[in-house]
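Let's have the full structure, built from the sequences with the hints guiding it.
Each protein sequence line maps, in turn, to chains E and F.
Following the working numbering, the numbering of the first sequence begins with 27 at its first residue and continues without gaps.
Following the working numbering, the numbering of the second sequence begins with 27 at its first residue and continues without gaps.
I should point out that these hints are in silico values taken from the structure, not numbers from a laboratory.
Here the structure is a predicted model, which is why all the values come from computation and not from measurement.
Cβ coordinates follow ideal geometry from the N, Cα and C atoms, glycine included.
Any given hint might turn out to be false.
[Said to hold, decoys possible] Taking lysine-lysine and the DSBU-like style, the derived pairs with C-alpha atoms no more than 35 Å apart in a straight line are:
{"hint": "1", "chain 1": "F", "residue 1": "304", "chain 2": "F", "residue 2": "249"}
{"hint": "2", "chain 1": "F", "residue 1": "278", "chain 2": "E", "residue 2": "298"}
{"hint": "3", "chain 1": "F", "residue 1": "258", "chain 2": "F", "residue 2": "304"}
{"hint": "4", "chain 1": "F", "residue 1": "337", "chain 2": "E", "residue 2": "278"}
{"hint": "5", "chain 1": "E", "residue 1": "175", "chain 2": "F", "residue 2": "170"}
{"hint": "6", "chain 1": "E", "residue 1": "247", "chain 2": "F", "residue 2": "254"}
[Stated by the list, open to error] Here are the in silico distance ranges between beta carbons for each label pair:
{"hint": "7", "chain 1": "E", "residue 1": "82", "chain 2": "F", "residue 2": "248", "range": "22 to 32 Å"}
{"hint": "8", "chain 1": "F", "residue 1": "268", "chain 2": "E", "residue 2": "147", "range": "51 to 61 Å"}
{"hint": "9", "chain 1": "F", "residue 1": "83", "chain 2": "E", "residue 2": "321", "range": "23 to 33 Å"}
{"hint": "10", "chain 1": "F", "residue 1": "332", "chain 2": "E", "residue 2": "49", "range": "50 to 60 Å"}
{"hint": "11", "chain 1": "F", "residue 1": "330", "chain 2": "E", "residue 2": "330", "range": "58 to 68 Å"}
{"hint": "12", "chain 1": "E", "residue 1": "339", "chain 2": "F", "residue 2": "80", "range": "40 to 50 Å"}
{"hint": "13", "chain 1": "E", "residue 1": "315", "chain 2": "F", "residue 2": "69", "range": "48 to 58 Å"}
Number of protein chains: 2
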Amino acid sequence: MLPPEELINFIETEDNFLIATHINPDGDGIGSSIALSMSLQVLGKKTVLLCKDLVPGQYKFLPGNESFYTLEQLKAQETKFKDYKNLILVDCNDLDRISDSTPTLNYSSSAVIDHHASERPFGNIRWVVPDAAATGLMIYYLIKRLGIKLTYEMAVNLYAAIAVDTGNFRYENTTSSVLRVASDLIDAGARPYVIYRHLFEAWSEGRFNLFMQVLNTLEKKDKIAIVKVTRKMFEDTSTSAEDTEHFVEFLKIMADVDVSVLFREIDDTHYKISLRSKDDIDVAIVAEAFGGGGHKNAAGCRIKADFETAKKELIGKIKQIMLN
Amino acid sequence: MLPPEELINFIETEDNFLIATHINPDGDGIGSSIALSMSLQVLGKKTVLLCKDLVPGQYKFLPGNESFYTLEQLKAQETKFKDYKNLILVDCNDLDRISDSTPTLNYSSSAVIDHHASERPFGNIRWVVPDAAATGLMIYYLIKRLGIKLTYEMAVNLYAAIAVDTGNFRYENTTSSVLRVASDLIDAGARPYVIYRHLFEAWSEGRFNLFMQVLNTLEKKDKIAIVKVTRKMFEDTSTSAEDTEHFVEFLKIMADVDVSVLFREIDDTHYKISLRSKDDIDVAIVAEAFGGGGHKNAAGCRIKADFETAKKELIGKIKQIMLN
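Structure below.
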């Protein structure tokens, strides 16, 4: 996986970079951005890390995470950063992914480094590799191409990025190159178990209780497993929507479940729905039918109806897809 | 990791091999044995795969698993196998690990390939590497040393062996060599997600219900999480002891749990106990205090007392260890 020469030129020629990742940032967005920033600094460049949202608690173990600015903080110090005219989007490929409202970033050139497929091209230089398991993998190859020695800090960030986007090497995107890169990152100092623990073994007791309450709502029929999380459950357990991460995926642990669904109650007639599937069942099609979207095996949408109606409509669509 | 030359000589010189793995076989024992057997067959050797127990259902996807004989089946066909005089123990290193009673195996030479530390040496040739994450890793290096090309079937067996013993690359034994070997196995045809699904996403509905019942017994205090499984729960959910695999480990998902414990009721005054711990907390010491044993982060023992007494005694010992 070779970065385009124009990206290399861009990095080698310019001096000041704004590095921005997407809203609701995940480990791949954050880890990749930090590792890119650190490697540009090795080349003597100046960098600013940007994200609309604060770094979520579970990623605070990543070395360098404290360097992120929110878009607001950047704006408040506009004068200080007025020379940063080169924007690099990381783990996303359009401006609307870095902010809900149009951000007022001042930049003259822009580049994109991402592994999501996109419909609306943005950026003077685009390096988008949908086949890459994680943006962290692309940053690894970029660092190699730039001839920079991997530091411990870069290795931890990139290993975490890859671990998050491959489900710790269990998803279908886990290729031999993914494991070869990860093994290189271990040689550079990344410790698999320590990182795993931070990423996947950091549930609060409230989150654990929420998990049990959610599992207790399980309905299973025709290889479809459905659970529900309500506002009351969040209240009872002092948790919030982000604590439901991985819940819907967990249902796939059952051999006879091919599609798993989490209904999150927004209000009595409004549900946010997460879908997961095994193998070739394409739940993105299901999500799109309700105005949502996503990937083949992981997608989401919203339905404005009471729970029973929403469930019935959704199951109908899922069954249609499963027949194909 | 180089196999000893005497093992290479043994394999190259002899023609007929009995390959035996331990009772209650796991993925590492089964996968390693099958891959070893297949590679010896490539060299023109004759092999018989042995295990006291039948291959558990979850490992039936491993190519070649149908070649296993139980010790009874071997005995019934004694004449057919009378020339098999070379015994290789795989993933265990003493005869008492391949059968509860002394097996009546006829062999003249014996070798051991294992990654468990042992106290009672057995075998004319011993290749025991406690630092190896899995016996599957050792078999991989042996196959390389023998100059044999990895087949798809060997790769699947070895990948599964390694995935089981590293918790799909999340335990502390996950080194850069582990990932490098795994990536080689993918290149030879092993498919990470397919194997993961067979190993870790094959729960029956009964097992899922058992899991929920067990989680509902959770007691948590001073970073120790305790759950219990009773005979009635097994009955209610049509499950058995082997269905509790991974339950005790799951509790470590909580950030503030350092030791997790599963009590399995044998009868009202007899419990089998599984212990897991994080980092440097050595639960093997706890298990040994009650006549059991194991590794630093995974151990087991039995206590003959009613539940409350057993729990009290165990917690006392755990707290002692945690203070050190």
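Verification of the hints:
| no. | hint | in the structure |
| --- | --- | --- |
| 1 | F:304 / F:249 | holds (11 Å) |
| 2 | F:278 / E:298 | holds (29 Å) |
| 3 | F:258 / F:304 | holds (30 Å) |
| 4 | F:337 / E:278 | holds (33 Å) |
| 5 | E:175 / F:170 | holds (31 Å) |
| 6 | E:247 / F:254 | holds (29 Å) |
| 7 | E:82 / F:248: 22 to 32 Å | holds (28 Å) |
| 8 | F:268 / E:147: 51 to 61 Å | holds (53 Å) |
| 9 | F:83 / E:321: 23 to 33 Å | holds (31 Å) |
| 10 | F:332 / E:49: 50 to 60 Å | holds (55 Å) |
| 11 | F:330 / E:330: 58 to 68 Å | holds (59 Å) |
| 12 | E:339 / F:80: 40 to 50 Å | holds (46 Å) |
| 13 | E:315 / F:69: 48 to 58 Å | holds (57 Å) |
Of the numbered hints listed earlier, not one is contradicted by the structure.
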